[in-house]
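S.K.: Below are the chains, spelled out letter by letter.
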Amino acid sequence: MRLPRRSELSPQQEDFLMEAPFNEPVLCVGPPGTGKTVLALYRAAALYEQGRTPDFVMHSKLLNRYVERSVIELDMHVHTRTWHSWVYSKWSGGVGRKMPESQPWSPDFMRAIEFLSEYGCTFPGKLSWTHLIVDEGQDFPKEFYIYLTWLMSAELITKAGKRASVTVFADDNQRMEEGRNSTVNEIMTFLGLTERFEVTTNYRNTAQIARLASYFYAGMSTGMPDIPENINGPVPRLVRCQSLREEMLSVVRWLHNNDDLSAGVIVPNRRVQKRAVESLKIEADKRGLRVQMYATGVDPSGIDFYGKGVITVVCDKSCKGLEFDGVFIPQLQNYRIEGADQDFFRMKMYVMLSRARSFLQLSYAECEDDPAILRFFPPSEQGILIWPS
Amino acid sequence: MAELISPGFDFSGSAKQRANKMAVFFLTNKRNLVAILEAGMITPSACQFRYRQDSRELVPGAIPFWKEGLPIQMLNQFRSSETDSVVIAFEMDALSVNSGNDFTIHNDKLLVVSEPVPLAKASAIYFPSAEAIEDFLARRIDGVVCDEASFVALADFPEIAEVGVPKTLVFPDCCEELEFIDKCGGSLKAVEYFSRNGIEAQSFIREFMEQCFLSADHQWKVDLEVDSNDSWIVLGDEDIALLAALLPILRRVKRDERIDPLAVLQKLEKALKSIEPAINEQVEKWITFTRKVLQGEQDVHPLGDEKKLVQRAVLLFLLRPDLDRLLNSMHSNIAAGPTVATMAAFFVGHLVGVSSMGNAQKGSAQEFNQFIDNLMSSVWNRDSINVALRAENSDVIGPAAFLEINGSPLLKMAIPMDQTMRTLSRLLGKSAIEVSYIPESRSLSGKVLLKKGRRQRFFIERIVEEPGEGGSIRIASVCKDLGSKTKLQKLTKARAIEMLKMNEFQQNCCFAYSESKESILVQTTCSAEIADPVELTKLVEHIAAVADDYEKKDPDTKKDLL
Numbered sequence: 005m006r007l008p009r010r011s012e013l014s015p016q017q018e019d020f021l022m023e024a025p026f027n028e029p030v031l032c033v034g035p036p037g038t039g040k041t042v043l044a045l046y047r048a049a050a051l052y053e054q055g056r057t058p059d060f061v062m063h064s065k066l067l068n069r070y071v072e073r074s075v076i077e078l079d080m081h082v083h084t085r086t087w088h089s090w091v092y093s094k095w096s097g098g099v100g101r102k103m104p105e106s107q108p109w110s111p112d113f114m115r116a117i118e119f120l121s122e123y124g125c126t127f128p129g130k131l132s133w134t135h136l137i138v139d140e141g142q143d144f145p146k147e148f149y150i151y152l153t154w155l156m157s158a159e160l161i162t163k164a165g166k167r168a169s170v171t172v173f174a175d176d177n178q179r180m181e182e183g184r185n186s187t188v189n190e191i192m193t194f195l196g197l198t199e200r201f202e203v204t205t206n207y208r209n210t211a212q213i214a215r216l217a218s219y220f221y222a223g224m225s226t227g228m229p230d231i232p233e234n235i236n237g238p239v240p241r242l243v244r245c246q247s248l249r250e251e252m253l254s255v256v257r258w259l260h261n262n263d264d265l266s267a268g269v270i271v272p273n274r275r276v277q278k279r280a281v282e283s284l285k286i287e288a289d290k291r292g293l294r295v296q297m298y299a300t301g302v303d304p305s306g307i308d309f310y311g312k313g314v315i316t317v318v319c320d321k322s323c324k325g326l327e328f329d330g331v332f333i334p335q336l337q338n339y340r341i342e343g344a345d346q347d348f349f350r351m352k353m354y355v356m357l358s359r360a361r362s363f364l365q366l367s368y369a370e371c372e373d374d375p376a377i378l379r380f381f382p383p384s385e386q387g388i389l390i391w392p393s
Numbered sequence: 037m038a039e040l041i042s043p044g045f046d047f048s049g050s051a052k053q054r055a056n057k058m059a060v061f062f063l064t065n066k067r068n069l070v071a072i073l074e075a076g077m078i079t080p081s082a083c084q085f086r087y088r089q090d091s092r093e094l095v096p097g098a099i100p101f102w103k104e105g106l107p108i109q110m111l112n113q114f115r116s117s118e119t120d121s122v123v124i125a126f127e128m129d130a131l132s133v134n135s136g137n138d139f140t141i142h143n144d145k146l147l148v149v150s151e152p153v154p155l156a157k158a159s160a161i162y163f164p165s166a167e168a169i170e171d172f173l174a175r176r177i178d179g180v181v182c183d184e185a186s187f188v189a190l191a192d193f194p195e196i197a198e199v200g201v202p203k204t205l206v207f208p209d210c211c212e213e214l215e216f217i218d219k220c221g222g223s224l225k226a227v228e229y230f231s232r233n234g235i236e237a238q239s240f241i242r243e244f245m246e247q248c249f250l251s252a253d254h255q256w257k258v259d260l261e262v263d264s265n266d267s268w269i270v271l272g273d274e275d276i277a278l279l280a281a282l283l284p285i286l287r288r289v290k291r292d293e294r295i296d297p298l299a300v301l302q303k304l305e306k307a308l309k310s311i312e313p314a315i316n317e318q319v320e321k322w323i324t325f326t327r328k329v330l331q332g333e334q335d336v337h338p339l340g341d342e343k344k345l346v347q348r349a350v351l352l353f354l355l356r357p358d359l360d361r362l363l364n365s366m367h368s369n370i371a372a373g374p375t376v377a378t379m380a381a382f383f384v385g386h387l388v389g390v391s392s393m394g395n396a397q398k399g400s401a402q403e404f405n406q407f408i409d410n411l412m413s414s415v416w417n418r419d420s421i422n423v424a425l426r427a428e429n430s431d432v433i434g435p436a437a438f439l440e441i442n443g444s445p446l447l448k449m450a451i452p453m454d455q456t457m458r459t460l461s462r463l464l465g466k467s468a469i470e471v472s473y474i475p476e477s478r479s480l481s482g483k484v485l486l487k488k489g490r491r492q493r494f495f496i497e498r499i500v501e502e503p504g505e506g507g508s509i510r511i512a513s514v515c516k517d518l519g520s521k522t523k524l525q526k527l528t529k530a531r532a533i534e535m536l537k538m539n540e541f542q543q544n545c546c547f548a549y550s551e552s553k554e555s556i557l558v559q560t561t562c563s564a565e566i567a568d569p570v571e572l573t574k575l576v577e578h579i580a581a582v583a584d585d586y587e588k589k590d591p592d593t594k595k596d597l598l
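Heads up: the protein sequence lines correspond to chains A and B, in order. In the numbering used here, each number is its position in the first sequence, counted from 1, plus 4. In the numbering used here, each number is its position in the second sequence, counted from 1, plus 36.
Source of the hints: derived by calculation from the structure; they are not laboratory data. For clarity, every value in this text was computed on a predicted model and none was experimentally measured. Even glycine gets a Cβ: it sits at the ideal position worked out from N, Cα and C. Worth double-checking, as some hints may not be accurate.
To be verified - Sample of chain B residues at the chain A side, in silico, Cβ under 8 Å:
1) Arg-86
2) Ile-169
3) Gly-179
4) Asp-183
5) Lys-290
6) Ala-299
7) Pro-313
8) Val-336
9) Gly-340
10) Glu-342
11) Leu-355
12) Gly-394
13) Ser-400
All chains, please: the whole structure from these sequences, using the hints.
M.R.: Printed below as a string of structure tokens:
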């Protein structure tokens, strides 16, 4: 990872990087794929440059792995943690006793504030921080923000000479657990903010991929980023193949020609996943490329998500949160819609398609007639998907 | 108030000289400063990427400089903490270089320039406080190169009287010309970046730059200075057509745009057909192959430095339109050759332009600003373009060539090695014999390790001068230096006859006199197309051993040698 060049930033991203104050709470909101995590990393780099080593917290372990790796590549000494780890370690370091909990691994922030108001803390310096960057801010309970705001102004902290601040990145459309998360308005209220920065342009996909993905989008309109009209790439293609082997050969060929990039193969189920891996390995080995499998629940530490010349085969249910330079969605004939919720199918397609940064290919094989799901695809006249001739 | 004039200002000399050294000030803001540092120049507002309103509004888009202070309205802006104002200071005479003193407005308070002003000539950049400098530096974006030493915290400026400016001023649009210069600069910087990464393969640069100017909308009279070194690549008609088609396509790509390689290929095919409707079968095949490679329907073959270099470079560029990806391509499945990769880098530079490049490509602020200054001097407002290569051999930089446009040095390059010598150098390298290339004589020179640890120098030169490969070479080693007059006198007729006699006993070599080296040599000749590294190494070692043997013994005891 490297710092961005100006022409690679959208005007909104540039506004955020150039204008967001360093010593006041800041909120940046935007739909998925608008580059919030990347902005969070650049903000960390700017703070680090100023000598304010930030703490970087997020909800998911998968994102934490990405951030950890990027922090190393940017040569920063930034503490990256999942939020549980950050909250508990700060508390035990500052207070020296167990964090009050409403249930196991659910901190009771209101009781924590009561405790601190009454008894103070042993090492206020350890309880505080310089600048906290919160990614996936919508996934944290609103009491967390009350707690942060209380600490930032608490006499016991400010007396210790610490001036803490916080930058939050969030999206209303990506809240995970009802009741255990915060809306953007709640975050603004509890951080005492009247203004926020917004990023709305798609930063992950090319315009051509974003356009096809948006065809399937079935959520709230605010949940989808704007098409990045200036970021061009090949129009996604639908390919008819004879066999899974032929489908996999096209994956290997693409990665052979782009062996400094990554490829993701998103498959409908575990059975196809196994077959795809077997088929890929034969051709990939010949060209010095690597093949790996990933599924939710599998320990991600052994998976190289960011490696060059690596093909990751993943089931559709596990692809959320992942990104690849080239994405291949084979075996479309295995997707069934009869009886299934069409909106659910559309959103699944949206999530799968939007994993692709610059190249996207859908394919089907081993069937005489076109698979039924193709009737849900944009017709050739729209020009957003190239159909087989 | 802090000292306004930087210590470097000289107030000696005549009144006119002093006037030329007068400080002039341009008021802008932090956001525009980012663009100015990124481009290495202040441009009229219409040509600046993501322009934010500043003092240029007062003089419809041109660049206003106030003399020795700022009017009250500007001062208030600078003093206000909300405006993020910044002042860039120049010496008066620094502004006259490109404009030739032909300023739009020039009175005792104000100077208005309607052309770009290179930043290399700025004397300081003033911020209202040290905190503002610190904040600006922390937010630096890649490619925004600055010399922190030129940033000065200054609380205030002297107030000068307001100056009325006519609202009806109209300036010529120079954006197209600036964009062209930006793209050309990008190509040169990209090639230089490769050179800084140890890839010295720029032998195409003069021809490519010529095509750059010839393919521009602006009608220049382009003049290419040719020298006798046949190692510089000469383009064929097919290559020229390809460049003439591709470069304008790349120039039309906007700064914040990313290309679809397949769409570029399609445009390229169309442009080639507009140049020559019946494009030849080979080019047609190449386009089909490239399309299949881009779509992942066919494996790309290794793109080494052979056959159709320009076509290979275009394919490589379409596959990896990014400088760092191109650098990596040399060690990937593609195994790009250095020349193919550097040509592809030229295209990437043309695509992104110099101002959009990152710090790694731009180098230090001083280097970058000087480059922009030279680039502007070479092209801005010129009707004719002279592209030339000047060789230079200094103790500091060694043999090098400079690409000059209208006399401005823009790119330092290693002198390309003669093809035959490159092959021989590679063959000897396989036996761990290191040689260096001497461009003036187009020969190789090296040392070989003999038995008992002695080292003997040898050289390889062409005998028959033929372009490209072929002909014969001489492998030789000096065994007696006759460089001084006294030594030369020692080569008596008797000694010369003795040496000729010694030749009777030599196998595979002979003693000879070299007039140019004023030496007696041990030498052999062979075909320049020798391809066996073992055979070549044996020859070199044999020559060196015989020369060393002669050298270490007293030449008067010639019986030992006989």
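S.K.: Indicate, hint by hint, whether the structure satisfies it.
M.R.: Each hint tested on the structure:
The beta carbon of Arg-86 of chain B is positioned within 8 Å of a beta carbon in chain A (closest approach about 6 Å), and the interface hint is therefore held. For Ile-169 of chain B, the interface hint is violated, since its Cβ never comes within 8 Å of a Cβ in chain A; the closest pair sits about 12 Å apart. Given the 8 Å rule on beta carbons, the hint for Gly-179 of chain B holds: about 5 Å separates it from the nearest Cβ of chain A. At a threshold of 8 Å, the smallest CB-CB gap from Asp-183 of chain B to chain A is about 17 Å, leaving the interface hint violated.
Evaluation of the Lys-290 of chain B hint against chain A yields a held restraint, the C-beta minimum of about 7 Å falling below 8 Å. Because the smallest distance between the Cβ of Ala-299 of chain B and any Cβ of chain A comes to about 7 Å, under 8 Å, the interface hint for this residue holds. Because the smallest distance between the Cβ of Pro-313 of chain B and any Cβ of chain A comes to about 26 Å, over 8 Å, the interface hint for this residue is violated. At a threshold of 8 Å, the smallest CB-CB gap from Val-336 of chain B to chain A is about 5 Å, leaving the interface hint in force.
Checking Gly-340 of chain B against chain A: minimum C-beta separation of about 16 Å lies over 8 Å; hint violated. About 19 Å separates the beta-carbon of Glu-342 of chain B from the nearest beta-carbon of chain A, more than 8 Å, and the hint is not met. A least Cβ separation of about 6 Å between Leu-355 of chain B and chain A falls short of the 8 Å threshold, and the interface hint therefore holds. A least Cβ separation of about 6 Å between Gly-394 of chain B and chain A falls short of the 8 Å threshold, and the interface hint therefore holds.
Taken as an interface hint, Ser-400 of chain B does not check out: its beta carbon lies about 17 Å from the nearest beta carbon of chain A, beyond 8 Å.
Consistency with the previously given hints fails for numbers 2, 4, 7, 9, 10 and 13, ordered from lowest to highest.
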